[in-house]
Every structure is written in structure tokens, then in C-alpha cells.
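> Chains as they are written, first to last, in full-length UniProt numbering: chain C, 1 to 210; chain Y, 1 to 778.
Calculated directly from the structure, the hints in this document are not laboratory data. Here the structure is a predicted model, which is why all the values come from computation and not from measurement. It cannot be assumed that every hint is accurate.
Examples of chain Y residues toward chain C, derived with CB under 7 angstroms [claimed, not checked]:
#, residue
1, PHE73
2, ALA80
3, ALA159
4, PRO160
5, ARG161
DMTMM-like, lysine to aspartate or glutamate: derived pairs with alpha carbons at most 25 angstroms apart [what the hints assert, rightly or not]:
#, chain 1, residue 1, chain 2, residue 2
6, Y, LYS109, C, ASP169
7, Y, LYS640, Y, ASP623
8, Y, LYS109, C, ASP129
All C-beta atoms in this analysis are idealised placements derived from N, C-alpha and C, irrespective of residue type, glycine included.
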Amino acid sequence: MRTSVLLLLSFCFLFLLDSSCANAGQLTVLDGSGKPLQHAVVELTDEPVESAAKAVAVMDQINKQFVPFILTIQKGQLVNFPNSDDIRHHVYSFSAVKPFELKLYAGTPNQPLKFENAGVVVLGCNIHDSMVGYIYIADDKQVLVSDANGLVTLPNSTKQVTVWHPYQDNDIDSRQTVQIVNTTAPMSVTIKTTYPAPRNTFGERFGQHE
Amino acid sequence: MNNSFKHKIISLCILLILVTAGMSLASFWWSTSKFNEAQVQRKIQVAQNVYQQYLKAREQLLVTAATVLTADFGFKQAVATRDAQTISSVLLNHSRRIDADLMLLLDVKGDLISANREGLDFPSDTRTWMQALQSHTDHSAFVVLSEQLYQVIILPVRAPRTIAYSIIGFEVGSAVALELKELTGMETSFVGAADNLKASSLTALALGGDLFTFLAAQKTTRWLSQYPVYESAEVSLPSLASNPVSLVLSADLTTQYQEFDKMVLTIILLSLGTILIGFITSGIVAKNLTTPLSKLTELAKRFAKGDYSAKLEEARPTQEICQLVDAFNDMGEDIQQREEQIRFQASHDHLTGFFNRNAALDKLHSMLSSGAEYYFIAIDIKGLRHINDKLGPRVGDDCIKAVAKRIAEINTAEGGLNVRLGGDEFLVAHPASACADPQSAVLGIVECAEMLNQGLSKPYTVQGLDISLHFSIGVVHYPKQAHTPEDVVRRALIAVDTAAHDGHDVYYYQSGEDEAHLERLQIIDELKHAIANDDGQLFMTYQPKLNMKTNRIDKVESLIRWQRKNGEWVSPELFIDLAEQSGLIVELTQWVVKTVVSQVANWVRQGERIKAAINVSAQDIADKNFLSHLKTLLDTYNVKPELITIELTERDMIENEEKGIAVLQALKQLGVQVSLDDYGVGQTSLGRLKMLPIDELKLDKVFILKLAQSEKDQFIVRSTITLGHQLGFSVVAEGVEDKASLELLESMQCDYAQGYYLSKPLKAADFDLWLGRYNEVG
Chain C
1 MRTSVLLLLS FCFLFLLDSS CANAGQLTVL DGSGKPLQHA VVELTDEPVE SAAKAVAVMD
61 QINKQFVPFI LTIQKGQLVN FPNSDDIRHH VYSFSAVKPF ELKLYAGTPN QPLKFENAGV
121 VVLGCNIHDS MVGYIYIADD KQVLVSDANG LVTLPNSTKQ VTVWHPYQDN DIDSRQTVQI
181 VNTTAPMSVT IKTTYPAPRN TFGERFGQHE
Chain Y
1 MNNSFKHKII SLCILLILVT AGMSLASFWW STSKFNEAQV QRKIQVAQNV YQQYLKAREQ
61 LLVTAATVLT ADFGFKQAVA TRDAQTISSV LLNHSRRIDA DLMLLLDVKG DLISANREGL
121 DFPSDTRTWM QALQSHTDHS AFVVLSEQLY QVIILPVRAP RTIAYSIIGF EVGSAVALEL
181 KELTGMETSF VGAADNLKAS SLTALALGGD LFTFLAAQKT TRWLSQYPVY ESAEVSLPSL
241 ASNPVSLVLS ADLTTQYQEF DKMVLTIILL SLGTILIGFI TSGIVAKNLT TPLSKLTELA
301 KRFAKGDYSA KLEEARPTQE ICQLVDAFND MGEDIQQREE QIRFQASHDH LTGFFNRNAA
361 LDKLHSMLSS GAEYYFIAID IKGLRHINDK LGPRVGDDCI KAVAKRIAEI NTAEGGLNVR
421 LGGDEFLVAH PASACADPQS AVLGIVECAE MLNQGLSKPY TVQGLDISLH FSIGVVHYPK
481 QAHTPEDVVR RALIAVDTAA HDGHDVYYYQ SGEDEAHLER LQIIDELKHA IANDDGQLFM
541 TYQPKLNMKT NRIDKVESLI RWQRKNGEWV SPELFIDLAE QSGLIVELTQ WVVKTVVSQV
601 ANWVRQGERI KAAINVSAQD IADKNFLSHL KTLLDTYNVK PELITIELTE RDMIENEEKG
661 IAVLQALKQL GVQVSLDDYG VGQTSLGRLK MLPIDELKLD KVFILKLAQS EKDQFIVRST
721 ITLGHQLGFS VVAEGVEDKA SLELLESMQC DYAQGYYLSK PLKAADFDLW LGRYNEVG
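Chain C with its partners taken away, still in its complex shape (with noise of 0.2 angstroms):
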């Protein structure tokens, strides 16, 4: 309680030295419960991206998990799916927007898989329950990820954002919109969330008893 209060103060320190910075606009992405939210991606839907450079993203398996957590790639944007484990993995996606399936492999598949259309797309592994990834895919707007502090640094143009979490109380292809009035002023948005339970094994199951 106390390091909240602690961090709460610090965020509206930190804040009272952006608003002195005048070329940028601060949003802070909050809980259910008022606290920072990591991993949330902001769309900005009023700035687009040029699509002429659109690189191979990557996402990693390193050590029984997907690096980064959620992936943030533009629409037709190829990703590539290499695995740093020693152990196989089988990468595969249910998701309407795009699902697919790496069946057992090590290293890095032969071809990248290319994203075409803009959603959001959870990544799990066959083998390994506890594996779980996100690419979301813009639709060739800029997007931004909150940091540990839930924060995320507007550009001063911005009009209007989308704001997706993977944790996210609503359907998981659903997004808010959240209007931006003043850049200079600092904003926040709530997102309420469920955290998932941490998931058992089987061998804890059987290892239990009552």
C-alpha cells in the first residue's frame, strides 16, 4: 500500500516535469483497481505509418516463453518465428484473423507468416499449456505499448487513440476509443482487466490431494 502510494506520488512528480515539456502529451493506461498497466497498446488512429518500410518482425520462444509478450506490427507486415530453445515448440493461433499452425520445430521456420489483415492474434504452443503470445496488428496506424508505469507518450497531434489490452474484461478484439482534447494535459484511461490464474500442471493436479 505504502509503495503504491510511494509510486502514485512519484508518477504526478514525474508528471509536473512533462507539463513544463510542452511538445508531447502523457497517457496513462490504469486498471480496474487505479494501477499502471503494462502491455497496453495504444492505437493512434489519426497517424498513420507509411507502409513502404515494413520489416520482418520477430517473434521469439525463449525459455518456454513468447519474447516479446505482444508483438505490435502493422497490417501485411511479415513475422518471423524463430525458436532459441533447445526444445521444440508448436507454435499455433485459433484466432479468426489470422490462425495458422507451426507444427514441431527448432530454429527458425523457413518462411515468415504474413499478418494481412489488422486484429489481434493469440499465440500458444501445443506443447508447452503455459506458453501464451500476442501479435496485435495495426491497421497501418502508429501504436504504442505502456510501459511498466502504464504510461505511453502522445504525440502532440493526436486526436484520438484505441487503447487493447490482452487481460482486457471485453471481448478480446475489442477496443476503446479514447478521445484526446488537450496533448498538454495529462490523461488517463482505465481498462478493466482479469488477470489469469497462474496455471496449474498436471502434475500439481495429481500431486494434490482435497
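Place chain Y on chain C using the hints.
Just chain Y now, with coordinates in the frame of chain C:
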């Protein structure tokens, strides 16, 4: 039942067994009941554990099955694609694979996606229902769907996010209940809300019925009361709050009851057996105890009757009984011995070992009845009293013993009998045939008695003293002289008394002596009564004495007379002699003295001064009361002592001379005159005469009766008178029967004359008349 020892032992034994059996039965009942209760509780506890394990196993099966299903990639893919057909077939396929009765798929909002069976009656709000189930995530829960009980588990389908929920369940029906019953050994029932039976191993009960009412209704009758058949425990199962489900475990107590009852019955039978054995053994023990006791009682009764030969034989005696029997037998012997001793002492004289008088009479009865002839010899030791007095009673006793020994030595004749009659008297029975024995044929009884006397008279050595004893012997012949034992003894004693009295060594009883003896005894008896009653049988007569100087009658001799009631006269010589022999003389003399003194007093009152002489015996003089009695009478009747003269014969005066002289002097001192009676025929020497303190000499009548005719008598009388006068005595002549004698006496200056010439002895009244006439004539 009586109060006997035997019954007491048996009763006690049976009572003890009954108490023991009762207490053991009660304690068994109590502890077994407790144990059974605990057993039931333990059984229920075990059953609970078992059912939990059972349900857990099923749950694990469910969990495994569900987990495998939800993790299946194909299933996930099918669910993700929301392909209804595929999902349905998958559910059906998997339900078959794991043999699950229920398999549902719900989306994250709780809406049913698919089910493996159709027509299920779901709760209206499936979302809430699902959420309730979700609180049981990872654990099974019991739910009721379409009136059917299921054990279900809910698991999310993740791809990789939760995209749906899968509910998998097993039907819980009678088969499960029966299986649980197999495992737990108890009736198992599942009860839903409102005691609604869902499944049960109790097949008798219809589903949907009220289990608890049914259980409560099950009763069995034993020990005359109702006992419940089932004991139940209800356990809540994990279920939804809206529809709770519980498990009821019911232990069937019937078997327990049966086992318990069997054991109780066994105990009762054992107790009955023990009682029977106890009855028999205590009976045997009691018999072993009481049989000797009753035998001892019998023995004691026989002892009481004097049968000491009785012995007690005991077949199988115990040590104590043996001791008791021995003690009894010893007691019998001791009593017998002592009785013999007592009987011997009762029949024998302790000093000599001879029969005593009583025993001798019994013995004589049997001896005399045999018809044999006997001489009975009574032996009396002379002068034993002197030995006792001078040498002490121990010497006397030893003398008796020595004499008895001598008698036993001498009287060895067969059929003889030795008796100590008492004191110094023995009785010896001598068969008459022994006296006529060929060897001693020459000897008659006289020789026998003589031999006996000679044998006994040999000197004795007693306590170092040589003692010479003399004997009186009296002999009686049976049956000539006596017919009964009593007669034999009495007549033998009469004979021995006669021998002693008359100075014979041996005296043979003469027939008739006993009768005379008895006559004398009767006279003594009558005399005693006559004195005591003073009824006129005895009276005094007075014979006047003439004072020859004054020619007046101033003196009389008092003489006693006795006329028995039948008018018969008894000679004074006879009854005075008997009185002396029997010691009655003292009483008789007292009566005489009293009578005479009172008569003298009468005369004094009449104005006559007449002296009276009273005859007394040696025994009277020896009586220490004589003097005081006389003095008392003189004082009482106010009679001057000089009016009384005491007459004593020579013989009486000689006996116990010293004491006699002292008494005479005392009499003289008193003033009474003393006269020596019958002088001249006795043994009084002149020397003794000189010493006697007397006042008067009375010449015996033998010198006077024929005085006139006998010149010798005249010499004796004259010289005696002169002698008397010379010694200072007055002289009286008695037996004066004629005038010539009187005149001679007068010429001889005799002082007094007495005799029939003057008067016979007269009664007092007659004497007064006679005296009156005499004085008139004179």
C-alpha cells in the same frame, strides 16, 4: 429346606455362582454394548474414509479424463472453431473414451454449447450454476440434473486463453451405492435436498422416498424390547448450496445383535452348567463334611449309652476329620477308663482295695443266689482308735492296710470275698465247702476261724513300728442263720459286737440275737421319744429312807420307771443299760434330774424337807454339761443343794477316775451330797475309798436282805458301818425287808435304812400319802 449344614453349603455355593454369573453377565453386557457402540462408530469412521477414498478415486478419474479432454489439441481446435457438429461428436467420443455419463461444454458466459445427451433439465440460470460449480474447480461436486445425481468436475478449455468450460460427470446411482456398500460393509444412501433419496444400496426403498423415516422404521425385537436395525451417520458431500447432497452410511446391527445374543446365551448356559457343577460338588463336599459329623453324633450317642467299644470308620477322611475321629475315640477310651476307675472307687474301699459295704451288698446278692453255703466272718480290729489317737491316723490307716493284706493272704479260698465294711470292720465270705475241703477236711469252721485269728494276730510292722493287734471275730452261716445280704452283714456285725463286748476272740452268731438286737434298738428308739415327748411313759418313784437317829423319813431315793404306751413295763436295768450303750443316758439323766429337783421343790413348798438321791452313770459324770445343768435347775427351782444326793456305783466311779473325782469334788463344792452306791460288791479298795470325796456309803442289798439270818453279813455290815463312820461318811443300808434286820441296823448305828419293809418305791403322790400315814403312826 431345613437348616442343616449341608443345605447351607449348597445354598452358599449356588448363591456365589449366581452372583458371579450375574455380575459377569452384567459387566459383559455393559462392556460389550459399549464396545459394540464404539465398533459401530469406528466402522462408520472407516466407512467414511473408504467412501472418501472411493469418491476421490472417481474424482481423480474425472479430473484426469477432463484434463486430457480439455488439453486435446483437436478438441481445442474444434471448440475454437465453434463447429457444433464437431464439438458434439468430440464430446460423445470422449465420454465413451472415459466412460463418463455426463459431458457438457459451456462458453465462458455460461451458455451451453453442447451436451453428450439430450433432454437434460438444466437450471434456468446456467451462468450462475456454472459459476457455483467453478468454485469447485479442480474438485468434484455432486449435482442433481433431471433428478439424477452426478459427481461432476468443471474444467476450462484453453486455446491458450479460456474459450469454454467443460463439465464432466459420473452418474451416481444404485450401482455406486452397492459398490460402496461392498467396500464399506454398510448400507450407503445418497440424499438430495428435502431428504429426497437419490441413490441407495437399500434396494427395498424406492428412489425419491424418505430415507430417514425408513431407517427409523426398521426395528427388530430382542430381549422383549425393540431395537433399531440401523445406526446411521450423515456426511455432507461437496455440492451446490442450492441443492445440498449428503451421504448416509447405515450400519446394519443385526449381525452384531446376533453375535451379542449368542454370547449372552453362551454365558447363561455356562452359568447354568457351573451352577449344576457347583450343586454337585458342593453336595459332595457337604456330604464329606456332614457324614463324619452325623457319624460322630451317632458315636457320641453310643458313648452316652455307655457303649465305648464303638469305633468310627471313615472311608475317605480328611485330616481334620481324622483328628476329630481320633479325638473322639480317645475320648471314648478315656471316659471308659475313668468310668471304670470311678466305678471301682465307688465299689471299692480306697484304702484296702476291698469291696465297700454297698458294693458288697450287690456282690452278696449274686453270690447268695448261686445257692452255695458260706460262712461270713466279721473281723473287728480291737483298739484301733487308740492307735489312731496315739500314733496318728496314718499309722492307723497303714494298720488297716496291713490287716487287709493279711486277710487277703489268708482268705484265698475260691469264691471267697473280702469286704471292708467301714472303720475297723471287715467281712470275709468263706465258702462252707472250703472248710470241708478234703485237704482240710478235719477243719471245721471253728478251726478255720481259729486259723484266721492266729494268722491275723501275728505282729505287724507298720512304719517301722512293731504293732501287735487283736481282733474280734464274729461268724454267721448262710443260709442257716441269715437269708439276705443285709441280714448276713447285720448278723455278722452283731456277732462281732458280741465278741468284742463279751471278750470273746470268736463268737458264733446265735439264732435270735438279731431279733433281740432289733428289739433293743426299738426300745432305744421309743425311749428317745418318751424322753423327748415327756408324755408320762417315764415317771419317777421315790423309796423312802428312814433316818434311824430321828426315826423320821427325811430322805428318798428316786428311781425311774417306764411303762410303755401298750402298758408293758420295761425293766429299768434293761432300758438304762440300753441308754448307756446308745449314749441316751445323758438325756435320760437330765430328764431325771429335772423331774426330781422339781419334786423336791414341791415338797419344800408343802413344808416337807426331804432329801432326794439321784442315780447317775459314769457317762453323766463325764458329760461336761452335767454340773452346769444341775446348778441351773437348782437355781431355777430354788432348791438348796444339800437336798440333792448324787448316787454313783463303784463301777461308775472307777471308770475315768481322775476326771470323776474332779467332778465329785465340784459337786461337793456346790453343796450337793455324793453317795457311793452298791458298796461292797465292787472293786473299791479301802485305799481308793479313803480318797473318794463322798458323803455317804450305801451298803449293797446283798448284805442286808438276809441280815437277820446271816452272822457273816452282820459282821460285814457292822464293821463297814464302823469304817464308814470312822471315815466320816454316813451309811445307808438298802434292801431292808424285815423288822429284825431294821432293828439290827439300828443297833449297828446305821444312819439310814431303805427297803420294802418300809415301803416300795412310790409315785410322788402315793409317797405323800404314805408319808402322811407314816408320820401319823410314828
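> Now, for every hint given, state plainly whether the structure supports it.
So, going through the hints one by one against the coordinates:
no., hint, in the structure
1, PHE73, "holds (5 angstroms)"
2, ALA80, "holds (3 angstroms)"
3, ALA159, "holds (5 angstroms)"
4, PRO160, "holds (3 angstroms)"
5, ARG161, "holds (6 angstroms)"
6, LYS109/Y x ASP169/C, "holds (12 angstroms)"
7, LYS640/Y x ASP623/Y, "holds (22 angstroms)"
8, LYS109/Y x ASP129/C, "holds (22 angstroms)"
Checked against the numbered hints above, the structure breaks none of them.
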